[in-house]
Amino acid sequence: MSCLDVQSFLFELKNDDEMARRFRADPTSVLTDWKDRLSKQEQEMLLARDTPGLYRHGVPAVLLAGAVSALGLHPSESRKALKASFGLDGAGQPLKEQR
Amino acid sequence: MIASAFGVTHAPAILAAPDRAGKEEAARFYAAYDEAAARLAASEPDAVVLVTAEHFTNFFHVVPPFHLHNGDYAEGPVEDDLGIEKRRVPGSPHLANQLLEAAADTGVDLSFGPTLKLDHGSMIPLHLLRVNFDLPVLTMLVNCLVEPYPRYERCRVMGEALKRFAERTEMRIAMIAAGGLSHWPAMPESGRISEAWDRAVLDGLKNGNADVLITPPSVGEAEKGPGAEELRAWTIVGTAALRGAADVLAYEPISGWSTGCAVVDLLPIHDQ
Numbered sequence: 000m001s002c003l004d005v006q007s008f009l010f011e012l013k014n015d016d017e018m019a020r021r022f023r024a025d026p027t028s029v030l031t032d033w034k035d036r037l038s039k040q041e042q043e044m045l046l047a048r049d050t051p052g053l054y055r056h057g058v059p060a061v062l063l064a065g066a067v068s069a070l071g072l073h074p075s076e077s078r079k080a081l082k083a084s085f086g087l088d089g090a091g092q093p094l095k096e097q098r
Numbered sequence: 000m001i002a003s004a005f006g007v008t009h010a011p012a013i014l015a016a017p018d019r020a021g022k023e024e025a026a027r028f029y030a031a032y033d034e035a036a037a038r039l040a041a042s043e044p045d046a047v048v049l050v051t052a053e054h055f056t057n058f059f060h061v062v063p064p065f066h067l068h069n070g071d072y073a074e075g076p077v078e079d080d081l082g083i084e085k086r087r088v089p090g091s092p093h094l095a096n097q098l099l100e101a102a103a104d105t106g107v108d109l110s111f112g113p114t115l116k117l118d119h120g121s122m123i124p125l126h127l128l129r130v131n132f133d134l135p136v137l138t139m140l141v142n143c144l145v146e147p148y149p150r151y152e153r154c155r156v157m158g159e160a161l162k163r164f165a166e167r168t169e170m171r172i173a174m175i176a177a178g179g180l181s182h183w184p185a186m187p188e189s190g191r192i193s194e195a196w197d198r199a200v201l202d203g204l205k206n207g208n209a210d211v212l213i214t215p216p217s218v219g220e221a222e223k224g225p226g227a228e229e230l231r232a233w234t235i236v237g238t239a240a241l242r243g244a245a246d247v248l249a250y251e252p253i254s255g256w257s258t259g260c261a262v263v264d265l266l267p268i269h270d271q
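Just so you know, the sequences run in chain order D and Y.
Residue 38 in numbering that gives the first Met the number 0 sits at position 39 of the first sequence; the count goes up by one each step and never skips.
Residue 239 in numbering that gives the first Met the number 0 sits at position 240 of the second sequence; the count goes up by one each step and never skips.
One chain only, chain D, in its complex shape (with noise of 0.2 Å):
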């Protein structure tokens, strides 16, 4: 099991119009197939839409973004999700501290 694994599922889930439309309909089924490749943790992020958990993991940016609309996000939704994780803002500079 390996970061591989999970870059692989993402790849094909975006290339796969029936894989991503059954994932986002029982999303654990899809899993299923994969539970000798991806552990419970990577399975947990995956069934947890944490794109920004994904992305510590070592899934490439461009992969996850491209396979968010697979994975039953709002690309913008999971953008700023994503920027908020590492407390960086639209443009990608620091969040100013809330009062």
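Any given hint could be a false lead.
[Stated by the list, open to error] Within a straight-line C-alpha distance of at most 27 Å, the following computed BS3-like cross-link-like pairs (lysine-lysine) qualify:
hint, chain 1, residue 1, chain 2, residue 2
1, Y, K116, Y, K162
2, Y, K22, D, K95
3, D, K79, D, K95
4, D, K39, D, K79
5, D, K79, Y, K162
6, Y, K85, Y, K116
[Claimed, not checked] Selected chain D positions facing chain Y (in silico; Cβ < 8 Å):
hint, residue
7, G57
8, L63
9, S68
10, A69
11, G71
12, L72
13, A80
14, F85
15, A90
16, G91
17, P93
18, L94
19, K95
Derived by calculation from the structure, the hints in this document are not laboratory data.
Cβ atoms here follow ideal geometry from the backbone N, Cα and C, with glycine treated the same way.
Once you've looked at the hints, dock chain Y against the given chain D.
Okay, now just chain Y, sitting in the frame of chain D:
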């Protein structure tokens, strides 16, 4: 012969999120694309060569440094949010094989194949440059995404191959380089732009200095982001087409689109 040549930016947000740019900067950028579209049409091309970056749309398990589509058609865009209707874009196996032969004769090899998916990196330039889809489009992908990248010198040689192809054919070829400039694609840092690096590249082109595409500037390098590696597409087309000063039709550092946005005529009419 080369009928026309352009270097353009292809960030998805250009079409997917127009409101993330300021109205005036967006208007100037779209107007530049319109001007380039008019110049491309006026050059009366018989075929188009598009050199662009791969984004894990076609390749993951194998990553070719250079890849040429040689099928009857490619399909795109793969994205749903660009506002571009999904369609088939005609290719030309015959013409593509002529380009492959020219590359082999130049001493550079590239992978090739008859199927290709087109993403924003191809479809935004084709759409905004209003490419006539009665013409065949030869799409070449460059690996600007997974290290090790092809070296700029190798991209220069690929440009020489493209030039040789254009010289051999009777057809009028329009060339498009799509990618860059500075950006942090889809990363938490996206929105950062190295205006200094972008302007150094564009100033070099304005001065007719093709070397800026072989040895990119060091100024502003730390902030240019990994997306700037897509300059390789410009290196290939620029090597084939640049004969003097390029005409920078627009440069807008649009943070909301996450990219230093440029439209450049690499072969202005006075140089043809």
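Taking the hints in turn, this is what the structure says about them:
no. : hint               : verdict
1   : Y:K116 with Y:K162 : holds (25 Å)
2   : Y:K22 with D:K95   : holds (26 Å)
3   : D:K79 with D:K95   : holds (15 Å)
4   : D:K39 with D:K79   : holds (26 Å)
5   : D:K79 with Y:K162  : violated (43 Å)
6   : Y:K85 with Y:K116  : holds (11 Å)
7   : G57                : violated (13 Å)
8   : L63                : holds (7 Å)
9   : S68                : holds (6 Å)
10  : A69                : violated (10 Å)
11  : G71                : violated (13 Å)
12  : L72                : violated (12 Å)
13  : A80                : violated (10 Å)
14  : F85                : holds (4 Å)
15  : A90                : holds (4 Å)
16  : G91                : holds (4 Å)
17  : P93                : violated (11 Å)
18  : L94                : violated (11 Å)
19  : K95                : violated (15 Å)
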